[in-house]
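Enquirer: So you can see what is in the structure, the chains are spelled out below.
There are 2 protein chains.
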Amino acid sequence: MSGRPAWEAYLEEHNDRHVEELFDLLRIPSISSLPEHKGDVRRAAEWVADALRTVGVPTVEIMPSAGNPVVYGEWTVDPAKPTALIYGHYDVQPADPLDLWETPPFEPTIRDGKIYARGSSDDKGNLFVPIKALEALVRTNSTGQPPINLKFTIEGEEEVGSPNLPAFVREHKELLACDVVLCADGGMYSVDTPSIAVSSKGIAGCQVNVRTADTDLHSGQYGAAVPNAVQAAVQLAATLHTHDGSVAVHGFYDTVRDLTESDRAEIRAVPHHPQEYLADIGATDFWGEPDYTAIERAFARPTLDLNGFWGGFQGQGTKTVTPCEAHFKITCRLVKDQEPSEILDLIEAHIAAHTPRGATVTVERIAGAARPFGIRRDHPMLVAAEQSLADLYDRDPYVIRMGGTLPVAETYQTELGADMVFYSFSMPGSRAHAPNESFMLREGFLMGRKAYCALLERLGA
Amino acid sequence: MSGRPAWEAYLEEHNDRHVEELFDLLRIPSISSLPEHKGDVRRAAEWVADALRTVGVPTVEIMPSAGNPVVYGEWTVDPAKPTALIYGHYDVQPADPLDLWETPPFEPTIRDGKIYARGSSDDKGNLFVPIKALEALVRTNSTGQPPINLKFTIEGEEEVGSPNLPAFVREHKELLACDVVLCADGGMYSVDTPSIAVSSKGIAGCQVNVRTADTDLHSGQYGAAVPNAVQAAVQLAATLHTHDGSVAVHGFYDTVRDLTESDRAEIRAVPHHPQEYLADIGATDFWGEPDYTAIERAFARPTLDLNGFWGGFQGQGTKTVTPCEAHFKITCRLVKDQEPSEILDLIEAHIAAHTPRGATVTVERIAGAARPFGIRRDHPMLVAAEQSLADLYDRDPYVIRMGGTLPVAETYQTELGADMVFYSFSMPGSRAHAPNESFMLREGFLMGRKAYCALLERLGA
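Residue numbers (the numbering used here), protein chains in the order written: chain A, 86 to 546; chain B, 86 to 546.
What the hints contain is simulated information worked out from the structure, not anything from laboratory work. Just so you know, even glycine gets a beta-carbon here, dropped at the ideal spot from N, CA and C. Among the hints, a few may not be true.
What the hints assert, rightly or not - From the derived model, a few chain A residues whose C-beta atoms are all more than 10 Å from chain B:
1) A252
2) T345
3) T405
Stated by the list, open to error - Taking CB as the label site, the calculated pair distances span:
4) A:T447 <-> B:G336: 32 to 40 Å
5) B:G400 <-> A:I195: 26 to 34 Å
6) A:K123 <-> B:A364: 42 to 50 Å
7) B:S347 <-> A:L183: 57 to 65 Å
8) A:E121 <-> B:D348: 55 to 63 Å
Claimed, not checked - Quick partial rundown of chain A residues pointing at chain B, CB under 7 Å, derived from the structure:
9) Q306
10) V315
11) A364
12) I366
13) G373
14) Y478
Same shape as in the complex, but just chain A:
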């Protein structure tokens, strides 16, 4: 590449407009887990389809799935060139607790160089990056076309575990055929240095329901005599971990391969500043399996997380009840060779074995389990992505492993035989899934668009 590419100037020049367009998408509360937002989810799909059409993608369709639709786009320029399928999702997490947001979650606001809004990082900002990169490429190159063949599948159920995407991909194998999937969902490990992810964790979840009586009881009359559902649930939930933070479910680690010395060396090479890491989230200490560093655990060890717990009186002051029911939610993050359904079997067996006397316990599996994913290190598309980032940032990317889950990575691998390359630009501290989620304007949104331009050009060369 000689001199400054034309798309780079274009992106700088049109940056404000691109930000304004993104704001429109961020204003749509497309929360897929809440039925009352069904209409908003649909609106977000239509918005993304329009955005693809506006850029010039010749085939754009809102395709039905068994759940929310998938926005499909296709721009085939030359069968001899590689085909990249870009993945993202237009749905977002719920925004509660609302009172912790500094500005309303669906009124995007810029502060200190960041866009604050629910979905700004996860994933509306990230999915918009390749669309606007494509705009920059086709408006500035001689052909008016992308350098390689492109397909888009922007789905609307990622935040509820993509329950219908596997069937969708299976049913449309030929349509979606490609050489690589570029994942426009996820992030970089640090703001200054790029990173390339080589794995993501799987997920399996359930809700545990504990019942001890027909109705809440007067604690004076009954508290001393019969079981208390909150007490029973607390007792039960406490058995899921040992006191040192390891998962105590029998068999949980059985299929997990331990980290090799070379894995550990690679993880150590990624910079980690424990005090900054903790200060950034307001935590005071680490927690988890004692034989691994916090980063080893976050990158490559499986977990069992209590995502929520509720039972009995939660109001102000006091209500002297002996609660009759309590509930808690679990999700596990899984690593290579852990099978979600087997992990849920183990949890069910553990719960059954540890159910306190007088409690009736049911386990509901939550839809959206996903297997872990990994890509081989010498995959040519991975190497191309690494080189593009190295050129752009003028330094080698860190090799990282994702603690989060992209259920679709394994789906595309299985159904299309296409590996996924993670190429997305959230930054640490973006607070995805939490109040005050943000997306960095230059380091995320602008750099991301440049990185997509660079990679697509490289793949087309």
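Using the hints, position chain B against chain A.
Expert: For chain B alone, coordinates are given in the frame of chain A:
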């Protein structure tokens, strides 16, 4: 007493009107723990004052306290006669969860011989009993006056622990001077056989707040690395009991006197049908200190109850957060020689000693702690009450001990030197504090009014 007393015929004849009047009181949602019901609480006080005036009580006043007002009534007939002060409360518990009520909590409904409404037993039905008994006496006797001197203190903060009644009683010692306090709050042990309570438990409560970070975190990014507040709170709450159901807080039982063989024999004499007891509340087993029977525990052993627990995501489906905060509420029911503030000191020390790494924990004491109460067995007023019940039911009352708390019992004892005799007519299964609270029409409301007529006549003889 020769033949059928005149008040008995009067009560039968006027029963329907008395029920209708009670319905008016039950329609007022006088929930003292919810600030938005402040006006309803006031309305209930005014309603009770009017009810006293209607019966003919010459002095009736709504007296301010530092919180909700106390309805005071006085009818002095002869300084040579004894004075009984009647205690009750016009406030009620919250009605949630509303969806579990078969009929709305503040629309009283009769089904199967019971009045269903929040407060029907606790305490509006019970407080109305002596008022309407007084009506029957003064409308049917020759003097048109009660047989002894009567005072009423019907308060409005019992369901939040009567925080302001002690000061009120202290400030009005002379006005409230009496020989006995008759407690029109509480119930009988069985429907067929009367019972007389000789003690009630004390109470002390707190809320425990656990924090591990500034904000909820993405469980994929952080779940493996840092503490989870729900996890930490579960771990902490689980340390409060041993696995057999005893309280594990160091020193909790230190001042408790063990039950004597004669205590245990007296408790055994009270009928208890374990399977019916459990079936009535939909429980499948007992739980608690293994060295005591369920009834021994309910009558006479202290407890630590988890009244509520909440943290993280509680909605439908899944939200993969690592929660940053969690909370639980504790109340302890205390027995003789346990001092509420000392018990809370012990709990705070336990919490501090068991706080998991990386968690910041605060303990908020909940207002309304109360000492336990007991009355000596040969107290003449207790004996008079026992004899009145024995005559009316034609069988000896059971001697019982209350698992619940009447904070005021100890207040009246300390401030006025007057012991409290529990004389009230809720029945087992009345579901006080729970959905579908009820009050039995004949066995509770009617029998209660007869019992008050009989006792007041006996005290005046």
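Enquirer: Against each hint, give a clear statement of whether it holds in the structure.
Expert: To see whether the hints hold, each was checked on the structure:
no., hint, verdict
1, A252, "holds (19 Å)"
2, T345, "holds (19 Å)"
3, T405, "violated (5 Å)"
4, A:T447 <-> B:G336: 32 to 40 Å, "holds (38 Å)"
5, B:G400 <-> A:I195: 26 to 34 Å, "holds (30 Å)"
6, A:K123 <-> B:A364: 42 to 50 Å, "holds (43 Å)"
7, B:S347 <-> A:L183: 57 to 65 Å, "holds (60 Å)"
8, A:E121 <-> B:D348: 55 to 63 Å, "holds (58 Å)"
9, Q306, "holds (5 Å)"
10, V315, "holds (4 Å)"
11, A364, "violated (10 Å)"
12, I366, "holds (5 Å)"
13, G373, "holds (5 Å)"
14, Y478, "violated (22 Å)"
Checked against the numbered hints given earlier, this structure breaks hints 3, 11 and 14; the rest are met.
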